[in-house]
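Below, each chain spelled out in residue letters.
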Amino acid sequence: MRRSLQASLAILKADVASLSRSWVLRGWLAALLLAEFFLIATTIVGLRSIRVPASNIIATNLGGFLLIWSTLIIVISAGSVSLEADIISDSILSRACTRTQFIVAKLLGRSVVILGIYLVAASIVAYAAYRYAAADVTPATMAVAISVVGLALLLLVSLGVLFSVVFNNTIVSVVALLLLWYVASPIFVFAGAEYLSPASLVRNLPAVLKDPQSPQVLHCSATKTSLTVVFSEDVDQEAAENPANYEIECPPGNDQVAQTAAYDRTRAAVTLSGLTLGGGQTVRVRVRNVSDRGGTMISEAADSAECEVPDPLATGHSAEKPKKSDAAPPRLLRISAAPSSIRAFFSESLDQVTAEDPANYRIENPIGSPQAPRAASYEPSRRSVLLSGLRLDLHVPMKLTVTNVRDEAGNAIRAPANSIVQTEVTPWRYALGFGVPALVAAALAVLWFNRRDL
Amino acid sequence: MAIVSTHDLTKIYGNKVIAVNGVNLHVEEGSIFGLLGPNGAGKTTLLKLLLGLQLPTAGYAEVFGQRVGPNAAHIRQRIGYLPTNPRFPPNLTPIAYLDLIGQLFGMPAEQRKPRLAALIRAVDLLPAAARPIRSFSTGMTTRLGIAASLMNDPELLIWDEPTAGLDPAGRKYTLDFIQELGRTKTVIVSSHILSDIDRVCTHAGVLQDGQIIYCGTVRDLKQTIGRNHVELEVDGPDEAVGAMCKEIAAMPDVIGHQLRGYWLQVRFRPEVPLAEPLREVLDAATRHHVEVLSVSSTKAQTEDAFIRLLEEDQADGFTRAYTSNATLASGVPGDSEG
Numbered sequence: 001m002r003r004s005l006q007a008s009l010a011i012l013k014a015d016v017a018s019l020s021r022s023w024v025l026r027g028w029l030a031a032l033l034l035a036e037f038f039l040i041a042t043t044i045v046g047l048r049s050i051r052v053p054a055s056n057i058i059a060t061n062l063g064g065f066l067l068i069w070s071t072l073i074i075v076i077s078a079g080s081v082s083l084e085a086d087i088i089s090d091s092i093l094s095r096a097c098t099r100t101q102f103i104v105a106k107l108l109g110r111s112v113v114i115l116g117i118y119l120v121a122a123s124i125v126a127y128a129a130y131r132y133a134a135a136d137v138t139p140a141t142m143a144v145a146i147s148v149v150g151l152a153l154l155l156l157v158s159l160g161v162l163f164s165v166v167f168n169n170t171i172v173s174v175v176a177l178l179l180l181w182y183v184a185s186p187i188f189v190f191a192g193a194e195y196l197s198p199a200s201l202v203r204n205l206p207a208v209l210k211d212p213q214s215p216q217v218l219h220c221s222a223t224k225t226s227l228t229v230v231f232s233e234d235v236d237q238e239a240a241e242n243p244a245n246y247e248i249e250c251p252p253g254n255d256q257v258a259q260t261a262a263y264d265r266t267r268a269a270v271t272l273s274g275l276t277l278g279g280g281q282t283v284r285v286r287v288r289n290v291s292d293r294g295g296t297m298i299s300e301a302a303d304s305a306e307c308e309v310p311d312p313l314a315t316g317h318s319a320e321k322p323k324k325s326d327a328a329p330p331r332l333l334r335i336s337a338a339p340s341s342i343r344a345f346f347s348e349s350l351d352q353v354t355a356e357d358p359a360n361y362r363i364e365n366p367i368g369s370p371q372a373p374r375a376a377s378y379e380p381s382r383r384s385v386l387l388s389g390l391r392l393d394l395h396v397p398m399k400l401t402v403t404n405v406r407d408e409a410g411n412a413i414r415a416p417a418n419s420i421v422q423t424e425v426t427p428w429r430y431a432l433g434f435g436v437p438a439l440v441a442a443a444l445a446v447l448w449f450n451r452r453d454l
Numbered sequence: 001m002a003i004v005s006t007h008d009l010t011k012i013y014g015n016k017v018i019a020v021n022g023v024n025l026h027v028e029e030g031s032i033f034g035l036l037g038p039n040g041a042g043k044t045t046l047l048k049l050l051l052g053l054q055l056p057t058a059g060y061a062e063v064f065g066q067r068v069g070p071n072a073a074h075i076r077q078r079i080g081y082l083p084t085n086p087r088f089p090p091n092l093t094p095i096a097y098l099d100l101i102g103q104l105f106g107m108p109a110e111q112r113k114p115r116l117a118a119l120i121r122a123v124d125l126l127p128a129a130a131r132p133i134r135s136f137s138t139g140m141t142t143r144l145g146i147a148a149s150l151m152n153d154p155e156l157l158i159w160d161e162p163t164a165g166l167d168p169a170g171r172k173y174t175l176d177f178i179q180e181l182g183r184t185k186t187v188i189v190s191s192h193i194l195s196d197i198d199r200v201c202t203h204a205g206v207l208q209d210g211q212i213i214y215c216g217t218v219r220d221l222k223q224t225i226g227r228n229h230v231e232l233e234v235d236g237p238d239e240a241v242g243a244m245c246k247e248i249a250a251m252p253d254v255i256g257h258q259l260r261g262y263w264l265q266v267r268f269r270p271e272v273p274l275a276e277p278l279r280e281v282l283d284a285a286t287r288h289h290v291e292v293l294s295v296s297s298t299k300a301q302t303e304d305a306f307i308r309l310l311e312e313d314q315a316d317g318f319t320r321a322y323t324s325n326a327t328l329a330s331g332v333p334g335d336s337e338g
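Chains as they are written, first to last, in my numbering: chain P, 1 to 454; chain U, 1 to 338.
Hints were generated in silico from the structure; no laboratory data involved.
Glycine included, every Cβ here is placed at the ideal spot set by N, Cα and C.
Nothing false has been slipped in among the hints.
Covered stretches of chain P (chain U as the covering partner; in silico rule of three or more C-beta atoms under 8 angstroms from a C-beta of chain U):
(1) 12-26
(2) 92-105
Interface residues of chain P toward chain U, partial, derived using beta-carbon atoms under 8 angstroms:
(3) Arg3
(4) Gln6
(5) Ala7
(6) Asp86
(7) Ile87
(8) Ser89
(9) Asn450
(10) Arg451
(11) Asp453
(12) Leu454
Using the sequences and the accompanying hints, generate a full structural model.
This is the structure:
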């Protein structure tokens, strides 16, 4: 066992040392260094005035590995065995070394070098983008995106070694892999195997990177001179403390402007003061331009709250609340899909009867294949409707169209704000799409190499 | 005890080329076994099959009593292999390469380092120890290959055409080394240079078109086929030599002769003891005032034996194939050991 491990490590070290002397690798490192330097410099210096989202910068960098640097990775991995076939036979495999040991060491050596370079470069750019650009990402989404692209590169390395073993000719291996990586990629998308396609991953990288959790207004509370708004998560302090970001009506229709805004990070709450609010009246507040610390803007579906100013004279049998004046129709803001249900979020409270009529909802999944929900359940506190009894494929686009649903004032939902098309981006699908074939390719390389003459 | 044995070992490349055809070979422990054969006879393929570098199409090979396969590292642990015109990692120095080999054999550093230093000195590569292998001449690369094959102090050495491409000094050095190693190890050496085999080997196998047509001792090879064949180096006037040749041709025990420059090859009837007809030939030379500078040549004997074996094999090709087919049909394993 110890001898076997020593042999494997010896081949691994020899392969890494041999790679480090390769001019292809050195050329790649030089070009990569220049490109990364340019990207980081642009992020830090050039984007002070124009705040480009970090997700775009990181996606550009990761996309470069999948679409540009992949050419060099193909050359490095596809020549791993075929370039030195006769040397391998004479100098390594005629000694006390099994073929499995050899090919596994080759796979590991190439993977360690290529993924090592990739991880260092990707992490530096990701950190710079997170630190200096408009941060619409979180460390978790960055880690997921970097890992998924890393798996795609691992697949490329495994395929390269496999082709090198099968074809035993470096040029043929390189050409075959270039064709598979660049030409067959769009075919995968057309064939419905989107999660096997590097082009599809490049297209969806910004979505993978973006923070999926928008901050929301949970509730508010008022006194006669101040209003406290509580958020669902920690928000950007500078935006939270800008009174211009709050539209306050008390009573509804009567605009008020706060004098100051003080943010309390521990409670994720902002207190707006300098207001004149009547006791027993309803206060409506709508928050704008406030984002979380990751840069994700507040959700339009939950950007407002209503509360009542306490009236010390009230006995508990207060007079009827004044009727709201509302001429704006409700809007469909977003949907969240599960395999058997969809939750639809609206811009305002709905009329329960129309909201809970399943006939008012039409789901197309994929687009062009309609189905109707069996049930619709309205949840006033979240201004959302849960549509259940569906059979959904989350990996193909879906479209929800809402008709005849009204708000509490009787305004019916209207086009174009009555439909949404959504393609769910699930990073773990990409992880499986690249990870499993990478393992299969590696296993095939081992099997084929064991059945080959040297 | 047979240290190497093959059983109907066959290798066919892509249903196009039959490289090794039903070879049954046995190499005894402690012998220096020469694998003879013309270029393309299948020698290298046979040796690679013994190492597990190639996979047999049919049959199998056993080394140290165990079946050989691609992952038979435990068998190769006891073998030292020198490939023909070896190719080693061009960027490595001899020290780095031998160190890698030592690690592959699982040798600890305290054993590996002194061993590689001693071997580099032994194969006279000390002045080139810091140079990359790509700058080596053929002879230096072969010497490095020899050192690599001895790194693990193997019980069995398999050297494939070790004298190929070497100058006379390098060739002598290598052959002397094989003889020296043969005292303590079993050695299989392949070559198409007959004198090399003749000089160092105790046993030989002759491979022709992928089949073994002779397997036995070198002595038996020469005695079986070449015992009534002498070569004389003669000097004298052309007329005298011509007259002597005529007289020799007329001798009842002579079945053939051939004059090439100063070399006269004479073949006698195999059933007649060699001494008497040879004395008559020497007498004829004396009578015609032709000076005999030397008699016989082991090289020529072996060479002739080898060529005759090949000729007979070609002539008997159909018969052998027919016999082999008949044997197969009757279910009895064929024996192609000649």
